[in-house]
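J.: In order, the protein sequences belong to chains A and B. Position 159 (the first sequence) corresponds to 159 in the working numbering; numbering is contiguous. Position 208 (the second sequence) corresponds to 208 in the working numbering; numbering is contiguous.
Keep in mind that a hint or two might mislead.
For chains that are exact copies, the list does not tell them apart, and a pair is met inside one copy or across any two.
[Unchecked claim] Each computed EDC-like pair below joins lysine to aspartate or glutamate, with the alpha-carbon atoms no more than 20 Å apart: (1) 108 x 140; (2) 108 x 95; (3) 119 x 150; (4) 182 x 129; (5) 69 x 173; (6) 119 x 140; (7) 157 x 144; (8) 108 x 154; (9) 158 x 114; (10) 116 x 131; (11) 128 x 90; (12) 69 x 130; (13) 116 x 146; (14) 116 x 140; (15) 34 x 184; (16) 108 x 144; (17) 235 x 35.
Keep in mind that the hints were calculated from the coordinates and are not lab data.
Number of protein chains: 2
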Amino acid sequence: MKKVDINKGEALYEGKAKIVYATDDPSLVIQHFKDSATAFNAEKVGTISGKGEANAMISRHLFEMLETKGIPTQYVGFQPPTDLITRKLDMLPVEVVVRNVAAGSLSKRIGYPEGKPLKSTLVEFYLKDDDLGDPLLTIDHIRELDLITDSQVEALKKLGLQINDVLLKFFLECGLRLIDYKLEFGVADGQIYLGDEISPDTCRLWDVGTGEKLDKDRFRQDLGGVEEAYREVLKRIESN
Amino acid sequence: MKKVDINKGEALYEGKAKIVYATDDPSLVIQHFKDSATAFNAEKVGTISGKGEANAMISRHLFEMLETKGIPTQYVGFQPPTDLITRKLDMLPVEVVVRNVAAGSLSKRIGYPEGKPLKSTLVEFYLKDDDLGDPLLTIDHIRELDLITDSQVEALKKLGLQINDVLLKFFLECGLRLIDYKLEFGVADGQIYLGDEISPDTCRLWDVGTGEKLDKDRFRQDLGGVEEAYREVLKRIESN
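Just need the whole structure built from these sequences, with the hints factored in.
T.: Encoded structure:
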């Protein structure tokens with residue numbers, strides 16, 4: 001486990017689940033993971049006790065693992081219990097959603113029942129814009145809005161599929177089916193890095209045996225056992 | 001004006017704005033244009049007096065004109081006042097939306113104010129599925145659903161842009177700005193034909209001088225003067 005001693009500066013940005021702080025080093029920021037939870041574009045708000053700690057630990061573990069597989073990530077180090085030290089990125093203004101199995105907005109969009117496996121892994125782009133409800137974009141919308149270049153689109157698709165190969169296999173070893181998840185990317189010194197987090201906030205993870213949901217859908221759908229689900233994912237990842 | 005004498009057989013299909021009838025000739029169907037109007041996926045229902053006649057005449061005129069520009073259409077002949085004789089097609093299960101200026105669902109999606117010109121003409125694909133609300137699709141969704149082939153996607157994009165070149169110029173000569181419109185295509189004997197209709201039901205058309213809306217948005221938005229708008233579009237097209 002890589003730790004870095006660095007001083008937390010002013011808060012640069014507060015999001016729904018994290019606060020980003022400046023540090024002594026202009027190339028680094030600290031991401032503080034919060035317990036607060038939101039869903040449905042912040043229409044539903046709550047607290048999941050211990051989520052910040054679990055998600056920081058889960059993200060750290062997954063980012064370190066992805067680095068060993070050749071995926072450049074923004075992860076630099078860990079300040080227990082809830083803070084990650086990360087490379088400061090210029091975030092790209094799209095969310096990349098990778099899907100292996102139909103659920104959530106894809107089920108609504110194309111009429112697939114939740115749980116139907118997709119013929120092949122789907123990579124979708126969404127506009128990062130809460131006011132607009134993070135809408136789905138086609139490549140032509142991305143061009144019209146001049147959000148990212150065509151070559152960045154291709155690079156993100158390729159990275160999404162590479163990351164998926166690694167995560168699918170890893171989560172399966174943890175007894176978890178990786179249904180879908182959201183990725184965010186950013187640029188530093190001309191290179192694209194995986195940023196943000198990978199956690200039960202941003203993934204759908206179902207128990208391989210029982211199909212039980214072990215992710216934020218427990219909060220979205222009022223299924224109970226939310227804290228336990230996050231702890232269970234962390235436990236499985238750490239013992240793998 | 002091409003007319004064809006042919007007998008109307010049984011109703012094969014009744015849609016929101018048209019009824020399709022069989023004919024003596026198995027390769028031909030009759031499309032009867034109705035006065036009934038729906039909007040917002042049939043949540044709003046009404047009647048626009050004279051719409052059937054206006055839209056049949058407008059579609060006939062536009063399809064004949066597109067044929068002279070090399071666009072294959074299903075149009076065969078006209079039976080006044082409300083019926084078009086058309087080639088029977090296997091309709092492709094997507095709607096093709098061509099946009100020159102932001103309006104409607106695109107404005108909502110990407111946050112452009114209504115009336116903002118697009119950098120370049122946008123061609124979008126939507127699933128023809130009322131139950132799902134005709135959702136936007138990416139190329140990857142089209143592949144997942146196996147709706148049409150990649151080469152059909154490319155052919156429809158190309159046809160959409162070719163049709164747009166013709167229609168933009170033609171409507172401008174009629175003093176109308178072609179904001180956006182929906183196209184449907186079908187296949188007969190292995191060839192793709194433009195089908196369905198092109199009318200103020202399926203286009204947004206704004207007066208070049210005043211910006212006045214002369215299309216179904218008058219019905220959607222309760223702007224009044226709905227019948228007059230359809231008649232005005234027909235008058236301008238016929239006198240052009």
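J.: Hint by hint, which ones does this structure get wrong, listed from lowest number up?
T.: Hints 8, 9 and 12 not satisfied by this model.
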